Amino acid sequence: MRIMQSSKSRALVALAVIASIGALLAAPLPTSQTVQYKSGDDTLSAYLALPASSGRHPAIILIHQYWGLNDWMKQNAQKLADQGYVALAVDLFRGGVATTPGDAQELMRSLPKDRAVRDLESAFTYLAARPDVDPARIGSIGWCMGGGYSFQVAIHEPALAACAVNYGAPPTDPADIAAIHAPILGNFGADDQGITPDNVHAFQQAAQAAGKSVDFKEYAGAGHAFEDSTNVAAYRPEAAADAWNRITAFFAANLKP
Amino acid sequence: MTALRRLATLGLFLAVSASGATAAPARTQIARAQIVSYLSGAETVSGYLVSPARAGRRPAIIVVHGDRGLDEWTKQQAQRFGARGYVVIAVDLYRGEIARNTEDAHELMRGLPDDRALRDLQAAFTYLAARRDVRTTEIAVIGWDMGGWYALQLAIHQPNLAACVVDDSALPTDRAAIAQIRAPVLGNFGADDRGIPASALQTFEAAMQSAGHAADLKSYPGAADGFDDSSNADRYRAGAAADAWNRTVAFFVKTLGD
Numbered sequence: 001m002r003i004m005q006s007s008k009s010r011a012l013v014a015l016a017v018i019a020s021i022g023a024l025l026a027a028p029l030p031t032s033q034t035v036q037y038k039s040g041d042d043t044l045s046a047y048l049a050l051p052a053s054s055g056r057h058p059a060i061i062l063i064h065q066y067w068g069l070n071d072w073m074k075q076n077a078q079k080l081a082d083q084g085y086v087a088l089a090v091d092l093f094r095g096g097v098a099t100t101p102g103d104a105q106e107l108m109r110s111l112p113k114d115r116a117v118r119d120l121e122s123a124f125t126y127l128a129a130r131p132d133v134d135p136a137r138i139g140s141i142g143w144c145m146g147g148g149y150s151f152q153v154a155i156h157e158p159a160l161a162a163c164a165v166n167y168g169a170p171p172t173d174p175a176d177i178a179a180i181h182a183p184i185l186g187n188f189g190a191d192d193q194g195i196t197p198d199n200v201h202a203f204q205q206a207a208q209a210a211g212k213s214v215d216f217k218e219y220a221g222a223g224h225a226f227e228d229s230t231n232v233a234a235y236r237p238e239a240a241a242d243a244w245n246r247i248t249a250f251f252a253a254n255l256k257p
Numbered sequence: 001m002t003a004l005r006r007l008a009t010l011g012l013f014l015a016v017s018a019s020g021a022t023a024a025p026a027r028t029q030i031a032r033a034q035i036v037s038y039l040s041g042a043e044t045v046s047g048y049l050v051s052p053a054r055a056g057r058r059p060a061i062i063v064v065h066g067d068r069g070l071d072e073w074t075k076q077q078a079q080r081f082g083a084r085g086y087v088v089i090a091v092d093l094y095r096g097e098i099a100r101n102t103e104d105a106h107e108l109m110r111g112l113p114d115d116r117a118l119r120d121l122q123a124a125f126t127y128l129a130a131r132r133d134v135r136t137t138e139i140a141v142i143g144w145d146m147g148g149w150y151a152l153q154l155a156i157h158q159p160n161l162a163a164c165v166v167d168d169s170a171l172p173t174d175r176a177a178i179a180q181i182r183a184p185v186l187g188n189f190g191a192d193d194r195g196i197p198a199s200a201l202q203t204f205e206a207a208m209q210s211a212g213h214a215a216d217l218k219s220y221p222g223a224a225d226g227f228d229d230s231s232n233a234d235r236y237r238a239g240a241a242a243d244a245w246n247r248t249v250a251f252f253v254k255t256l257g258d
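Each protein sequence line maps, in turn, to chains A and B.
The working numbering applies: residue 1 is where the first sequence begins, and numbers increase by one.
The working numbering applies: residue 1 is where the second sequence begins, and numbers increase by one.
Take the hints with a grain of salt, since some may be wrong.
[Stated by the list, open to error] With a Cα cut of at most 16 Å, we get these calculated EDC-like pairs of lysine to aspartate or glutamate: (1) A:K74 with A:D91; (2) A:K113 with B:D192; (3) A:K256 with A:D82; (4) A:K113 with A:D91; (5) B:K218 with B:D192; (6) A:K113 with B:D174; (7) A:K217 with A:D176; (8) B:K218 with B:D234; (9) A:K113 with B:D115.
Calculated from the structure, these hints are not laboratory results.
If you're wondering where the values come from, they're calculated on a predicted model, not measured in any experiment.
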């Protein structure tokens with residue numbers, strides 16, 4: 001930075017400082033920003049959206065599809081922040097964003113899954129340490145690939161308070177299912193080729209037998225990615241609207257004081 | 001699969017072998033290629049088994065498909081190893097589903113529960129170890145792309161695995177998990193792979209070395225992921241594919257015996 005020499009410049013700087021303090025006191029806080037935190041030896045970036053009000057808030061980790069941390073994910077974070085949550089949209093691909101299925105599959109196939117789980121645990125730790133977050137009220141939500149990882153957060157983080165999954169692969173290992181503490185909400189497409197109704201029912205039965213709270217809904221006429229308004233072929237507006245209402249009601253019931 | 005189709009597949013394969021498309025001519029005839037069933041947890045799963053026409057106990061290889069599923073190309077790889085005298089089981093992690101395009105592959109891959117995939121591979125190991133034609137101390141795994149990741153997961157979780165080969169796969173990063181690997185690891189990668197950078201290879205090799213394990217990873221310039229898949233015309237690089245095959249065969253001869 002260039003050092004300012006003249007007294008006029010110094011006066012201007014002082015004015016600017018006073019003006020920004022005034023702005024901080026008067027205006028709402030900035031609502032979104034890129035933040036950084038440590039995951040093992042790595043420093044990660046994520047998109048953080050904040051509620052307008054001050055004080056401690058419940059928080060939600062958002063986990064992207066195989067497209068990466070794109071604008072649709074950031075919009076979801078903003079929508080949840082508008083409802084009073086500190087919303088952290090993680091970036092498991094570390095900057096990679098795809099716009100074609102081929103590129104997206106490249107990103108997904110090359111993601112080391114152990115690193116992804118570590119990154120998500122670090123996201124939880126980051127949120128729990130923020131002064132504007134109530135660490136007992138942190139939830140997770142993921143779509144598609146990120147839905148599978150939302151389950152993984154529930155398995156690896158016993159303090160998670162709510163876990164929402166949109167067409168993500170449910171775990172099958174009884175020990176993994178037993179490790180889940182958070183109540184789980186799931187939205188699935190009945191026409192999903194990769195996660196069939198059988199897979200969904202098997203998890204539901206195993207989790208309920210293990211005493212877990214599971215609320216799953218299957219949408220007829222919808223395949224995977226039916227909530228993504230930017231995915232023309234997959235998007236089902238009515239099912240998507242219903243799923244979003246379920247998500248916000250679920251988080252309100254489990255994360256809000 | 002009918003017996004006739006099975007014979008047709010074998011005939012095609014032997015023709016390919018004889019034409020010199022493979023690095024070395026087949027030295028053993030395949031006795032059988034068949035679908036077999038075994039238990040994985042509470043479920044019965046199927047695999048494609050190739051057994052060589054050789055008497056006695058043989059070393060064995062578990063073949064793990066990429067994101068498209070257990071397709072014809074993957075079965076051909078199983079046959080190639082069978083022709084070299086190994087008992088081979090090609091697992092079917094997708095339980096019968098095969099992708100027709102990239103989006104199918106994505107849908108199936110993201111629908112695959114990780115824990116189930118590893119359980120299926122452990123079950124394949126147990127199945128092979130219980131066979132009377134298999135040397136239980138000489139069971140290896142090879143996987144391509146998505147299958148390479150799971151091959152390494154088996155190496156982490158199955159201490160009796162004798163060797164592990166991965167092509168174009170994501171690599172584990174957790175040092176404690178890597179330290180659990182007992183099997184020597186061979187890897188073949190395309191230097192132009194947009195998803196798996198050279199730094200990922202170096203990090204994995206360093207972690208293996210510091211744990212006192214052997215990892216031999218090779219990166220082929222001018223090749224991207226899928227370079228050894230002859231069914232993928234855009235990606236296939238014949239020279240790199242032949243070299244990777246020779247490295248793989250030599251590695252199995254060294255680690256499993258002949």
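Check your understanding: K113 (chain A) and D192 (chain B): Cα distance at most 16 Å?
Key -> violated, 22 Å
**Study point:** Restraint check for K217 (chain A) with D176 (chain A), where alpha carbons must lie at most 16 Å apart
**Key:** Judged against 16 Å, a Cα distance of about 22 Å means the pair is violated.
Review point. Is K74 (chain A) within 16 Å of D91 (chain A), Cα to Cα?
Key: Given that 16 Å is the threshold and the Cα spacing comes to 11 Å, the pair holds.
Check your understanding: Taking 16 Å as the top limit, are the C-alpha atoms of K256 (chain A) and D82 (chain A) close enough?
Key -> Given pair K256 (chain A), D82 (chain A) holds - Cα atoms ~14 Å apart, limit 16 Å.
Review point. Hey, K218 (chain B) versus D234 (chain B), does the alpha-carbon distance stay inside 16 Å?
Key: Violated: K218 (chain B) and D234 (chain B) sit about 21 Å apart, past 16 Å.
Check your understanding: Is K113 (chain A) within 16 Å of D174 (chain B), Cα to Cα?
Key -> holds, 10 Å
Exercise for review: For the pair we were handed, K113 (chain A) and D115 (chain B), check the Cα-Cα distance against 16 Å.
Suggested key: holds, 12 Å
**Study point:** Pair hint K218 (chain B) and D192 (chain B), alpha-carbon separation not exceeding 16 Å
**Key:** holds, 13 Å
Check your understanding: Does the structure keep K113 (chain A) and D91 (chain A) at a Cα separation of 16 Å or less?
Key -> holds, 13 Å
In summary, the numbered hints that this structure violates are 2, 7, 8.
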